[in-house]
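Engineer: Next come the chains, spelled out residue by residue.
Number of protein chains: 2
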Amino acid sequence: MSGGLDSYTAAAIAKNGGFELYALSVLYGQRHAREIDAARAVAAALGVARHLELPVDLRGIGGSSLTADRYVPRDRDLDAKEIPSTYVPARNTIFLSFALAWAEVIGACAIFIGVNALDYSGYPDCRSEYIHAYERMANLATRSGAEEHARIEIRTPLIDLSKRQIIELGQRLGVDYALTTSCYDPSPDGAACGHCDACQLRLRGFREAGTSDPGRYAPEVDDEPVGEPAR
Amino acid sequence: MSGGLDSYTAAAIAKNGGFELYALSVLYGQRHAREIDAARAVAAALGVARHLELPVDLRGIGGSSLTADRYVPRDRDLDAKEIPSTYVPARNTIFLSFALAWAEVIGACAIFIGVNALDYSGYPDCRSEYIHAYERMANLATRSGAEEHARIEIRTPLIDLSKRQIIELGQRLGVDYALTTSCYDPSPDGAACGHCDACQLRLRGFREAGTSDPGRYAPEVDDEPVGEPAR
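Those sequence lines, one after another, are chains A and B.
For the record, in the first sequence the residue sitting at position 74 is 83 according to this note's numbering, with numbers rising by one throughout.
For the record, in the second sequence the residue sitting at position 60 is 69 according to this note's numbering, with numbers rising by one throughout.
Looking at chain A on its own, in the form it has when it is part of the complex (with noise of 0.2 Å):
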C-alpha cells in the first residue's frame, strides 16, 4: 500500500470480493516519504485488519532516482519506451517477497498488487509474464508451497486497466482519491509537482475520466478534465 490511487484501488477490489485486509507497506528510503501519511489514511478508510509498515534502506543498493539524490524527470514523454530513472531495481520483487514472508506468517491465500502493465510499460516487473514467474517462485518458497496445501495467489486486478479505467472502478467502489499521494517530487509543503511521470499519469487519467484529480498539485498545475476551463 503506497499510498498512491493504484494500491488503493486494487485494496478495494480485494474488499469488494469479500477479503480481510491486511495491507503492508514498505518504508524503503524513497524521496516521497509523505506517501507514508497516505498510506495510513487509506488503510484507515479501508478498514484494513492489520498495517504493517516495513522499513528497509535500500539507498544502499542505488541506481535509481527515487532512492538517490539524484534528478527526477519533469514532463517525460510517457509513450517512450525506455525504462526511466525512477525504476527501482527489482523494487516489486522485494516488496512481493516481504508480502509473501507475511502471508506465510498470517496464512493469506492472496497477495493483491496494484501493477499496471499498460501505464508503466518500461518497468519489467510490472508484467504479467513476471507476476507469473513470481506466484510459480513463491508456492516453491513458502512452508505451506512445500507442504501442497494453502497455495498463495499473486492477484493483478489492475495489470491491463487504463488509468482512466482504474480510476472509474474505484470511484464506482466508492474510494477517496483525496487521501492519496501519488507524486514522485512533492514540494516542500507536498504539493504534487504535476511534472513527474507519476504526476502526468494521473492527471491523465483523471482528464480522461471527465473528472477532477482530488489531489492537492502545485498551482501552475492544470488538474481539470478534459474540455472544461483551467482555474
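Derived from the structure by calculation, the hints contain no laboratory data.
Some clues are possibly wrong.
[Claimed, not checked] Chain B stretches covered by chain A per the calculated footprint, using a threshold of three residues with CB under 8 Å from any CB of chain A:
| no. | region |
| --- | --- |
| 1 | 55 to 61 |
| 2 | 110 to 122 |
| 3 | 142 to 148 |
[Unchecked claim] Here are the in silico distance ranges between beta carbons for each label pair:
| no. | chain 1 | residue 1 | chain 2 | residue 2 | range |
| --- | --- | --- | --- | --- | --- |
| 4 | B | D185 | A | G71 | 23 to 33 Å |
| 5 | B | G199 | A | A227 | 46 to 56 Å |
| 6 | A | P197 | B | D185 | 47 to 57 Å |
Ideal Cβ placement from N, Cα and C applies to all residues, glycine included.
Since the structure of chain A is provided, determine the placement of chain B on it from the hints.
Structural biologist: Chain B only, in chain A's frame:
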C-alpha cells in the same frame, strides 16, 4: 554473507572461479547479531570489492524463533522432516531479492547463495526447484532480463553437498572457518551453544571431516572429531 560457513565457502568457490566479489549481508533483526561481525571478518578475508550491509527489520512479520522472542530448540533430531521453528518465512526469497536489485545496479552476472538442500531438507527455499523458479522470475523482473542481455544466474554450488563435503571443499580453498559463527542461540560472551540445529549440523560436519571445529563453543560442548578423545 551470513558469517556462517556455507556463505563463506560459496564465496570462496566464486572467487576461485574468477569472479570479483560483492558481498551482501542482510541485518534482519536476527537474534544472533554477532553474525555481522563474523560476516565482516569473512568479507575482509576474501578481499571483496564491496560489502553491503542492508538493514531490514523482519520482526514485524514474525513467524520465526530467529526473529521473534521465541525459544530456539536444542538437540532437535536433525533427520526429522518437519520445518523447524528457526525457519524464517520467505527468507531466501527476501535475501535473493535484495541481491537481485544490487546485481542489476552493479551489472553482476551471477548471484551466489550458500543454500544446501541436504542439511536443511525442512526449508522449502533451499531446494533446487525453488532456485530454478527464482532464477526464471529474476530474469523477467529486471531491466537486463527485459532487454534480453546480461541474464543473471543464481548459483548454488553447495546445494547438493553434505556439511562434511562443504567443509572439505572450503579447506581445500583455504578458507579460515575460525572467522565464522553459525549458532542460532549464542551465549552473551559469543560462545556457540552446541545444541541448536546450526551448531549440531556444523559439529557433525567437522567430526565427519575428521577435523576439529575452530569455532568457539560453550565449555561443555564436544567439538572434537569422531574417534578422538574429548578435551
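Engineer: Run through the hints listed earlier and report the numbers of any the structure violates, in increasing order.
Structural biologist: 1
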